[in-house]
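K.L.:
Below are the chains, spelled out letter by letter.
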Amino acid sequence: MKHVRSGLLAASIVAAATLQAAAAQAGEIVVGMQCDRTGPTQTVGTFLCPGYHDYVKLVNSRGGIEGHTVKVLEIDHEYKVPPGMEAYQRFKAEGAVIVAIYGTPHTQALTPLLMEDKIPGTSPGFGSAAAANGEKYPYLFPIAATYWSQGAAAVKFAKDQLGGNLKGKKIAYLFYDNPAGREPLPVLHKLAKKEGFELKEFAVPPPGVEMKVQVQDIARRFRADFVINHTFGKAPSVSINEMTRNGYSLNKMVGLVWAAAESNIMGAGGWDKAQGFNVMQFAGAGSDYPVLDEIKAMYKAEGKEVPREMDTTVYYNRGVLAAALHLKAIENAVKAKGGSADVSGEDVKNGFEKIQNFTLGGILPPMAITKQDHEGGGWVRIFKVEGDGFKPVTEWMRGYRDIVEAMVKEGH
Amino acid sequence: MFHRESGYYKTTYAADMELYPLPITKTAMVVIGVLFFGLFPALMTDYYLSIINLCAIAVVGALGLNILVGFTGQISVGHAAFMSVGAYTAANLATRWDLPFWITMPAGGLMAMAIGLIVGLPSLRVKGLYLAIATLAAQFIIEWIINHTPAISGGVQASIEVPRPNLFGWDMDTQTEMYYFLMVLTTIAIVATLNLVRSRIGRAFIAIRDQDIAAEIIGINVYRYKLLAFGLSSFYAGVAGVMYTYYLGIANYEMFQLPISIDYLAMIIIGGLGSILGTIFGAVFITLLPVVVRVFMEVVGVYFVEGVYLAQVIAQMRLILFGGLIILFLVVEPEGLNKLWQNIRNYFRVWPFSH
Chain A
44 MKHVRSGLLA
54 ASIVAAATLQ
64 AAAAQAGEIV
74 VGMQCDRTGP
84 TQTVGTFLCP
94 GYHDYVKLVN
104 SRGGIEGHTV
114 KVLEIDHEYK
124 VPPGMEAYQR
134 FKAEGAVIVA
144 IYGTPHTQAL
154 TPLLMEDKIP
164 GTSPGFGSAA
174 AANGEKYPYL
184 FPIAATYWSQ
194 GAAAVKFAKD
204 QLGGNLKGKK
214 IAYLFYDNPA
224 GREPLPVLHK
234 LAKKEGFELK
244 EFAVPPPGVE
254 MKVQVQDIAR
264 RFRADFVINH
274 TFGKAPSVSI
284 NEMTRNGYSL
294 NKMVGLVWAA
304 AESNIMGAGG
314 WDKAQGFNVM
324 QFAGAGSDYP
334 VLDEIKAMYK
344 AEGKEVPREM
354 DTTVYYNRGV
364 LAAALHLKAI
374 ENAVKAKGGS
384 ADVSGEDVKN
394 GFEKIQNFTL
404 GGILPPMAIT
414 KQDHEGGGWV
424 RIFKVEGDGF
434 KPVTEWMRGY
444 RDIVEAMVKE
454 GH
Chain B
5 MFHRESGYYK
15 TTYAADMELY
25 PLPITKTAMV
35 VIGVLFFGLF
45 PALMTDYYLS
55 IINLCAIAVV
65 GALGLNILVG
75 FTGQISVGHA
85 AFMSVGAYTA
95 ANLATRWDLP
105 FWITMPAGGL
115 MAMAIGLIVG
125 LPSLRVKGLY
135 LAIATLAAQF
145 IIEWIINHTP
155 AISGGVQASI
165 EVPRPNLFGW
175 DMDTQTEMYY
185 FLMVLTTIAI
195 VATLNLVRSR
205 IGRAFIAIRD
215 QDIAAEIIGI
225 NVYRYKLLAF
235 GLSSFYAGVA
245 GVMYTYYLGI
255 ANYEMFQLPI
265 SIDYLAMIII
275 GGLGSILGTI
285 FGAVFITLLP
295 VVVRVFMEVV
305 GVYFVEGVYL
315 AQVIAQMRLI
325 LFGGLIILFL
335 VVEPEGLNKL
345 WQNIRNYFRV
355 WPFSH
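For the protein sequence lines, the chains are A and B, in the order given.
Just so we're aligned, residue 44 is where the first sequence starts under this note's numbering, counting upward by one.
Just so we're aligned, residue 5 is where the second sequence starts under this note's numbering, counting upward by one.
Wrong hints could be hidden among the right ones.
[What the hints assert, rightly or not] Below, a list of computed lysine to any residue pairs in the SDA-like style, where the Cα atoms sit at most 20 Å apart:
#1 Lys100/A x Glu302/B
#2 Lys202/A x Gly430/A
#3 Lys100/A x Gly305/B
#4 Lys179/A x Thr99/B
#5 Lys114/A x Tyr307/B
#6 Lys179/A x Gly305/B
#7 Lys161/A x Asp175/B
#8 Lys161/A x Gly159/B
#9 Lys347/A x Thr99/B
Since the hints were derived computationally from the structure, they do not count as laboratory data.
Computed from a prediction, not measured in an experiment: that's the story for all the values here.
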């Protein structure tokens, strides 16, 4: 009998689940959001996703978008593709008008579906760089600098740091050996030819905790003038330590956007171990932005503690950036519909393509998303580890825009 | 209770060879057929169909692994790599030469089979844990090769977009059409496996699993059958990879990494090693349970946590409950869900007169 009972229990759970899933409410605007809080990129997701929720909560607490509340449906997919697909179908079933994709393989897998279902999906800081082409991928929105733009901006930064001329200089590209890690390569090779610098690739195999050989080569044999560091996960911390150990100045290294967070610095042993390290951001780092103060004020007004996720500003702010752009796109869509909450994915897509001059006090770059350019211009800002925080060293910048745009147009 | 199992006499060889000799099982099969091919696609929304589609793909992959692990007693932790071999083979054929799915699918399977035969070679020399490590190496080697060979992977992104499967000029692009597409393939895979394991080959597999020396003594060519098991298992994996590719419209090796191999092992262990029905249970369990647990948490969680922390709690509790339920089911019945189902069935078989 015992077996029967456990069988019945399982059946009743399934039944409860089935009943509940049909409960999407009218008058709300539903947003689908994938997250990874339990998988290999949980160190990002656990900070990024709360940022998204908090911004939506802030907007809702002020009466929502033109009076309509926004409901965020978050589904954790453990960075696995099948649960990510299930999540997308759930979003679609619940009438989501926009999907925040999480993860490069998920972006790839969802690209055809988004187009068929006419639901815009966003992939800030990951996914395919070719997706910036809004005419080829009308429903995919990188909404932040793609890996191509990041690579180009890194070269531009190196050029500025090395006295405005890269001829005969040596640039090392230290990267995580996966598709995302290799994606900036075409743009780097093009720029190497154009600017006349020597580019050498140093691949770090997953899981990226061992890179002694690569770093020794960079620091002692190749003697790079500048290092572009495109690593993920634990690898950035390891690279910081190895560089220091080999006597290489961190001032001459820039980390692309996934090697740029507080957690990477903590992993290397704290702020004083990483002084001078340059990091690239597509959303402002630090907590000196009015919108963050408003979120804090909202929590204080509720008599609650300010969430500790806010301390990891880099990822949290990226969540705020994604939410802000999403809600702005929805707002544009609602306005175009004369204030009705009945907007479709297509309306929101058009809403995205109207976003410009929307910086929320500097946490967002001065981007302009257009029908052709879904990346919004490919803006980044370089920060530097100084004292115990990130200090900006440049304004919002981009590099070699013409070359990147030509590549996006060609599609590879 | 519902039926008698005695009194059916087989008078012809054909009757003796039947897959389902009892009338009740025949009726059950018809009912299941009507459910899956008639009622489900007619009544269910796209969301539920999409979940069944994922389960169907998992079933094919898990069947392949169960042939190897459950029936032949070999072990493989590189199953997902064979799926990626199938996926990329089909994707390349479909995009470079515009071949239809009924060519790319067997081709993907055969290519995976060829690689599987090579990877199976260590099984002739090593067993158990040693073999596990050898197949683990295969997982990484295949991943690396795909990742670093643009000719296979289609470029830096290592992903190839594939057109929808097309049958006589008819594109299968909605969830319902994909459902039929996948369900037909899954049915073929299930029936093929059911027949395989009661054939000469299947019995040789079982003999090798139970005692390979004894199997050799009674005249089974152990080397041949071990390799064959690897080949067949990889064929299924390859086909599952192709199904996946067509379902998602994209081949990407990041979908077939080590954790997926482990997931497939978990499916067959929870479902029941050496059992077809168990394989189906296990594949459905592993695919569905996270969804069910999450929905359950979404309902119950609201009463305990509020606001933005809910998402965090749901995600973590889902993992805890998922792990907990796996342990619970295995403690209740170490031989897997299939045995659990047998127990329930046996209880009702003689109910209410159990003595």
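K.L.:
Could you run down the list of hints and mark each one as holding or not?
P.N.:
Hints versus structure:
Between Lys100/A and Glu302/B, the direct Cα distance comes to roughly 18 Å. Compliance with the 20 Å bound is thereby established for this hinted pair. For a cut-off of 20 Å, the pair hint linking Lys202/A to Gly430/A is broken: about 25 Å separates their Cα positions. For a cut-off of 20 Å, the pair hint linking Lys100/A to Gly305/B stands: about 19 Å separates their Cα positions. For the proposed pair Lys179/A and Thr99/B, the alpha carbon gap of about 18 Å is at most 20 Å, so the pair holds.
Using a Cα cut-off of 20 Å, the hinted pair Lys114/A and Tyr307/B holds, with the two alpha carbons roughly 18 Å apart. Distance hint between Lys179/A and Gly305/B is unfulfilled; the C-alpha atoms sit about 42 Å from each other, more than 20 Å. With a C-alpha separation of about 18 Å, the suggested pairing of Lys161/A with Asp175/B holds against the 20 Å cut-off. Between the alpha carbons of Lys161/A and Gly159/B the distance comes to roughly 27 Å, so the proposed pair goes past 20 Å and is violated.
Of the supplied pair hints, the one linking Lys347/A and Thr99/B is violated, its CA atoms being roughly 56 Å apart against a limit of 20 Å.
Comparing the model with each numbered hint stated earlier shows that hints 2, 6, 8 and 9 do not hold.
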